[in-house]
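If you read the protein sequences in the order shown, they are chains C and H.
Numbering follows my numbering, in which position 46 of the first sequence is assigned residue number 46; successive positions increment by one, without gaps.
Numbering follows my numbering, in which position 60 of the second sequence is assigned residue number 60; successive positions increment by one, without gaps.
These aren't lab readings, by the way, just hints derived from the structure by calculation.
Built from N, CA and C at the ideal position, the CB exists for glycine as well.
Hints are not guaranteed to be accurate.
[To be verified] What the simulated footprint calls covered on chain H by chain C, stretch by stretch (three residues with Cβ under 8 Å from a Cβ of chain C suffice, anywhere in the stretch; the number is not a length):
1) 13 to 26
2) 106 to 115
3) 131 to 144
4) 235 to 242
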Amino acid sequence: MVVMARWTARRAGENGYLVDVPDADPAQLADGVRGLCQERGIGLVEVVPGMSTVLIVFQDPRAVQIETLLAEVDAAPASGEVGTLTIDVQYDGPDLAEVAALTGLAEQQVIDLHTQTEFRAAFSGFAPGFAYLTGVPQQLRVPRRPDPRPVVPAGSVALADEFTAVYPKRLPGGWQLIGTTQQPLWIMRRNPPAVIRPGMTVRFRQVG
Amino acid sequence: MVFFRVLDPGVFTTMQDEGRPGHAHLGVPRSGALDQESYRLANRLVGNRSGATALETTMRGPRLLWDAQQFEDVSEPVWVAVTGAPVPVRINGRPAAFAAAVRLLPGEVLEIGTAVAGLRSYVAVSGGFVNKSPLRSGSTDVLSGLGPPALAVGHELPVGPAAPIPSIEFVVPTGVFHQPVLDLIPGPRADWFTPEALMLLARTAWQVSPTSNRVGLRLEGPALERVRFGELPSEGMMTGSVQVPGNGRPVLFLNDHPVTGGYPVIGVVTRASLDRAAQAAPGTTLRFRLRTALR
Numbered sequence: 001m002v003v004m005a006r007w008t009a010r011r012a013g014e015n016g017y018l019v020d021v022p023d024a025d026p027a028q029l030a031d032g033v034r035g036l037c038q039e040r041g042i043g044l045v046e047v048v049p050g051m052s053t054v055l056i057v058f059q060d061p062r063a064v065q066i067e068t069l070l071a072e073v074d075a076a077p078a079s080g081e082v083g084t085l086t087i088d089v090q091y092d093g094p095d096l097a098e099v100a101a102l103t104g105l106a107e108q109q110v111i112d113l114h115t116q117t118e119f120r121a122a123f124s125g126f127a128p129g130f131a132y133l134t135g136v137p138q139q140l141r142v143p144r145r146p147d148p149r150p151v152v153p154a155g156s157v158a159l160a161d162e163f164t165a166v167y168p169k170r171l172p173g174g175w176q177l178i179g180t181t182q183q184p185l186w187i188m189r190r191n192p193p194a195v196i197r198p199g200m201t202v203r204f205r206q207v208g
Numbered sequence: 001m002v003f004f005r006v007l008d009p010g011v012f013t014t015m016q017d018e019g020r021p022g023h024a025h026l027g028v029p030r031s032g033a034l035d036q037e038s039y040r041l042a043n044r045l046v047g048n049r050s051g052a053t054a055l056e057t058t059m060r061g062p063r064l065l066w067d068a069q070q071f072e073d074v075s076e077p078v079w080v081a082v083t084g085a086p087v088p089v090r091i092n093g094r095p096a097a098f099a100a101a102v103r104l105l106p107g108e109v110l111e112i113g114t115a116v117a118g119l120r121s122y123v124a125v126s127g128g129f130v131n132k133s134p135l136r137s138g139s140t141d142v143l144s145g146l147g148p149p150a151l152a153v154g155h156e157l158p159v160g161p162a163a164p165i166p167s168i169e170f171v172v173p174t175g176v177f178h179q180p181v182l183d184l185i186p187g188p189r190a191d192w193f194t195p196e197a198l199m200l201l202a203r204t205a206w207q208v209s210p211t212s213n214r215v216g217l218r219l220e221g222p223a224l225e226r227v228r229f230g231e232l233p234s235e236g237m238m239t240g241s242v243q244v245p246g247n248g249r250p251v252l253f254l255n256d257h258p259v260t261g262g263y264p265v266i267g268v269v270t271r272a273s274l275d276r277a278a279q280a281a282p283g284t285t286l287r288f289r290l291r292t293a294l295r
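For reference, chain C alone in the conformation it holds in the complex:
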């Protein structure tokens, strides 16, 4: 029997493969890869979901037949461990008026859209615990600021293009800041310390 892999992989260096995932959730496929490799005793260094890819880094690529692995792996259904998170936000960001102007919405409409939407943590990057949340409605899509800020405070809730995110710590940044949360998003003593992890569903709730 010939098993056709649903996904194709490109070589990424000595021990990595970049898998194109056009038709599934990369975060779920990443979980599937982790599960299967654990079952088979295949040593992994990293499994990194991207916007439409998964980067898999093996300890020893010679121990792996990537096509076979990809034929057998399935995008794991959203597991209970990953789950849903609600973040309390004060919509007091310095760019809220600017976002309203750019979108042609009233400020409260911006807030309503942001709190009524179920977002998905697609991938992480930029800083530890910084998750790119997708699912931003078309009406809410705004470009990055032309002049990035040297300092964006921790807890800032922001919009840029197709993404929304919460700054886990004080960072420079060019995103439009619409609010702030008091909830910590990176808790070092916890395992894992990232509160938002790829694959999670995230909602925002207006407070204050």
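Keeping the supplied structure of chain C fixed, place chain H upon it in accordance with the hints.
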């Protein structure tokens, strides 16, 4: 606790170990010693377990006082070994051996000079440097800010309990190349570039820019032209990726690189080549040699 006191931090000296792999999906770079082979050798020479925290210097190393004389119970000397970029090592002004375990008595000052070749030397101490270890690594990550700050005057660097010193009479120090050649496996996004771009990458003597750091080596040379334009949806980045931003000038990602990125990667250098890249000081000329991946 016994410790070294920093009299002079050198140009830029950080704590490094094997880094914190396995957290890239949470936005955490691997970090860790850039020249892993030299780092491991330093630990071996002083009998440390693998993974012990050592110092990574940049160009000119620190001056450190072995501040143990105030403790009555500690009359023991401490052993240190310096590897990586060859550098003059002095104890209280007297020359000491490079790439060998050398003994330091309480109150003595260890001085790591300026590298005569390469860029980064590693200073291991018997017992290892002890610090806070977020995600089980004591490495300073200059991109994410995880790990201890770089050394500064007056810092106290605690040292853990030492294991016996192994009797190693001689080792061949890890090499540092004046014009390093890095093995590069094309992809995963080589198809975003003209076929000539890959040849140009391999033919060019690239110069390491002074704006390089632990995040990456910026390379000066001709622009690599793309056939595909537009944005690449953000994807995971390997350490060793040669990423090509809009201006066509490649950046070779070292250990503190961003875990995801939106510029195409024309090729990825091998693990062993990364050790050589770590020693490429600004102004160094380096070349790439195209390889195919084993499987």
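Going through the hints against the structure:
With 6 residues carrying a beta carbon less than 8 Å from a beta carbon of chain C, the stretch 13 to 26 of chain H meets the three-residue requirement, and the given coverage holds. With 0 residues having a Cβ less than 8 Å from any Cβ of chain C, the stretch 106 to 115 of chain H misses the three-residue criterion, and the hint is violated. Coverage of the stretch 131 to 144 of chain H by chain C holds in this model, with 3 residues showing a Cβ closer than 8 Å to a Cβ of that chain against a need of three. Here the stretch 235 to 242 of chain H counts 6 residues with a CB under 8 Å from a CB of chain C, which clears the bar of 3, and the coverage holds.
Hint 2 from the earlier list is the only one contradicted by this structure; the remaining hints agree with it.
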